[in-house]
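Work out the full structure, taking the sequences as your base and the hints as a guide.
Read top to bottom, the protein sequences are chains A and B. Here the working numbering = 1-based position in the first sequence + 28. Here the working numbering = 1-based position in the second sequence + 735.
Derived from the structure by calculation, the hints contain no laboratory data. Each hint should be verified, as a subset may be incorrect.
Claimed, not checked - With a straight-line Cα cutoff of 25 Å, these simulated BS3-like cross-link-like pairs (lysine-lysine) come out:
1. A:257 <-> A:184
2. B:844 <-> A:187
3. B:844 <-> A:128
4. A:184 <-> B:793
5. B:824 <-> B:746
6. A:187 <-> A:128
7. A:196 <-> A:177
8. A:187 <-> B:824
9. A:257 <-> A:177
10. A:257 <-> A:50
11. B:961 <-> B:941
12. B:875 <-> B:915
13. A:177 <-> A:212
14. B:875 <-> B:824
15. A:128 <-> B:793
All values derive from a computational prediction rather than experimental measurement.
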Amino acid sequence: MSELHNKEMRQVYVDNLIKYSKLDRRIVVLEADLMNCIGTGKFKEAFPRRFINCGIAESNMIGVAAGLASCGKLPFCSSFTPFATRRCYDQIAVSVGYTKQNVKIVGTDPGIMAQVNGGTHMSFEDVALMTQVPDMIVVEPCDCVCLDKLFPQILKCDKPMYIRLQRKKTPPIYDDNAKIDLFKANTVVDGDSLTIIACGIMVHRAIAASMALKNQGINARVIALHTYKPLDSETILNACRETGAVVVCENHHLIGGLGSEVAALLMQNDVLIPMTRVGIGDRYGEVGKEAYLAEIMHLTEQDIVEKAQQAYKRKLANI
Amino acid sequence: MESNTISTLYKQADLIRKMCIECIATFGVGHIGGSSSIIEFLTALYFKMANIDPNDPKNPDRDRIVLSKGHAAPGLYATLAARGYFDKKLLLTLNQNGTQLPSHADMLKVSGVDFTAGSLGQGISAAVGMAINAIMDRRKYHTFAIVGDGESQEGQVWEALMLAGSRHLHNFTVVIDNNKMQIDGMTADVCKVEPFESKLRAFRFKTYTIDGHDMEAIVDTIEKCKRSRMPTAIILNTIKGKGLKCCEGHYKSHSVNFTPEMFAAECTGGVLK
Chain A
29 MSELHNKEMR
39 QVYVDNLIKY
49 SKLDRRIVVL
59 EADLMNCIGT
69 GKFKEAFPRR
79 FINCGIAESN
89 MIGVAAGLAS
99 CGKLPFCSSF
109 TPFATRRCYD
119 QIAVSVGYTK
129 QNVKIVGTDP
139 GIMAQVNGGT
149 HMSFEDVALM
159 TQVPDMIVVE
169 PCDCVCLDKL
179 FPQILKCDKP
189 MYIRLQRKKT
199 PPIYDDNAKI
209 DLFKANTVVD
219 GDSLTIIACG
229 IMVHRAIAAS
239 MALKNQGINA
249 RVIALHTYKP
259 LDSETILNAC
269 RETGAVVVCE
279 NHHLIGGLGS
289 EVAALLMQND
299 VLIPMTRVGI
309 GDRYGEVGKE
319 AYLAEIMHLT
329 EQDIVEKAQQ
339 AYKRKLANI
Chain B
736 MESNTISTLY
746 KQADLIRKMC
756 IECIATFGVG
766 HIGGSSSIIE
776 FLTALYFKMA
786 NIDPNDPKNP
796 DRDRIVLSKG
806 HAAPGLYATL
816 AARGYFDKKL
826 LLTLNQNGTQ
836 LPSHADMLKV
846 SGVDFTAGSL
856 GQGISAAVGM
866 AINAIMDRRK
876 YHTFAIVGDG
886 ESQEGQVWEA
896 LMLAGSRHLH
906 NFTVVIDNNK
916 MQIDGMTADV
926 CKVEPFESKL
936 RAFRFKTYTI
946 DGHDMEAIVD
956 TIEKCKRSRM
966 PTAIILNTIK
976 GKGLKCCEGH
986 YKSHSVNFTP
996 EMFAAECTGG
1006 VLK
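Below, the structure written as structure tokens:
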């Protein structure tokens, strides 16, 4: 197992920032009073002149970052997902998106991972919002190895980007030898009965679900998707054509999320196969631990198993 | 350009105002009020005080000028054209389908525009970012953010000012175009944002309140701001629609329908065609 899995994801993020900032003088880091939560204090120690704490003013942080980017800097701005996105959405759309400024916006604690911060801090809509900004790249690594391998690719990509991160340790998905391309989804479990597409915290649940399904004679292929936009259409379409049924799993609202995008992709390409979705309904968040929230919002391994069984049953009925 | 005297700057401002009116009148409607109120200031900056070069508009050491009140773009475009950033005839395409000159200042389309603005409150934050960049890179350039008094009702303006004051950005000047009017009426009637001086002082700015149409005062004050050791604010007392018989000092001059007859009444002949 990779040693990276012993680290929290925020540590991997900050270690990468520091590592690459030694060579890449463009990198600057902006915070809105969550340095101590996201862990960028280590960056501040290493590069005090390249760190700006904007105070609790996310809209201004995004604008300042855009101004820095217009001068050639590569700003990373971070906050919790709702404050990094919906709080300052017009600033992102106009000052970053419309002006084509290369700003990297990092949102941590996505969806139910806000846990005990509760409903005010839970964004179930951030992926939908950010994919709506033209040219915005939207990424969510599922584990620390994935983030570590994506980081240099993120630096090379000169488009604005939203990066959805967890802060704490993540269940291991990849080992050090994994090949991870920013714009390609990865098949992490092979199978031909149906496809499970999962992102973020849903990947390890999807892998666990695939094992449970195997015991029932259903060989699920699991695709770990880390880039929502641009979507890796090729991998998704191939898997769906080859397996004939699909379940999409996301820690996000069903409305406007990955499942909606995959459904549209399949329809547009005449891949008319049974599809089910695991995600969050039309509701707000609430306080609780991850396991509790996953249960009440139907994001558990068992929810994936049930949705997979439904899709598979429909596939068999259609044959 | 530094040899420009006050009297030549006034003449230049008159010409730019005419270009701006003709540019808007050609399309038939536009933001004339808030463009006219800042023509003298823009003229002083671009023709004397700012370290800029129309032939090298991306020079990393140039002074940055961000028109945060992006709807005054016709005034900025006329100034840039007069200064030689692009062909004056381009002004006649303002807001036409497929134009390079959209209603709100656009950095991707227009040479000389340092940042896109229009969604109010945003340009000033970008300008603060530019000022921070200068300090990070030990560059000597100065950054000016031109903000409307109505625009200052946006909370983001004060977030930006707070950060600039907190970080002692001596290389940053906020310019408030205090024409005292906004779309729905007098600023004081819609939502009081004054007094500016005491607010800005509380935000750690050195403030100067001047007549925004007095070229000598503008030049002197910009000079002081560029030498300042703390963030500076220039509060321009201006007249919305300045120099136009049809709308000077009327809040409805924010965006005006211009007929050819109205244009003829304002100017004796165009300067662009």
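How the hints compare with the structure:
1. A:257 <-> A:184: holds, 16 Å
2. B:844 <-> A:187: holds, 18 Å
3. B:844 <-> A:128: Within the cut-off at roughly 12 Å; holds.
4. A:184 <-> B:793: holds, 23 Å
5. B:824 <-> B:746: At roughly 20 Å apart (the allowed maximum being 25 Å), residue 746 (chain B) and residue 824 (chain B) satisfy the hint.
6. A:187 <-> A:128: holds, 7 Å
7. A:196 <-> A:177: Given pair residue 196 (chain A), residue 177 (chain A) holds - Cα atoms ~18 Å apart, limit 25 Å.
8. A:187 <-> B:824: Measuring from Cα to Cα gives roughly 34 Å; hence the hint is violated.
9. A:257 <-> A:177: holds, 18 Å
10. A:257 <-> A:50: With Cα atoms ~29 Å apart, residue 257 (chain A) and residue 50 (chain A) exceed 25 Å; violated.
11. B:961 <-> B:941: Holds, because 12 Å separates the two Cα atoms, which is no more than 25 Å.
12. B:875 <-> B:915: Violated - the C-alpha atoms of residue 915 (chain B) and residue 875 (chain B) are around 34 Å apart, more than 25 Å.
13. A:177 <-> A:212: holds, 13 Å
14. B:875 <-> B:824: Violated, because 34 Å separates the two Cα atoms, which is more than 25 Å.
15. A:128 <-> B:793: With a Cα-Cα distance of about 16 Å, the restraint between residue 128 (chain A) and residue 793 (chain B) holds, given a limit of 25 Å.
Violated hints, in rising order: 8, 10, 12 and 14; the structure is consistent with all others.
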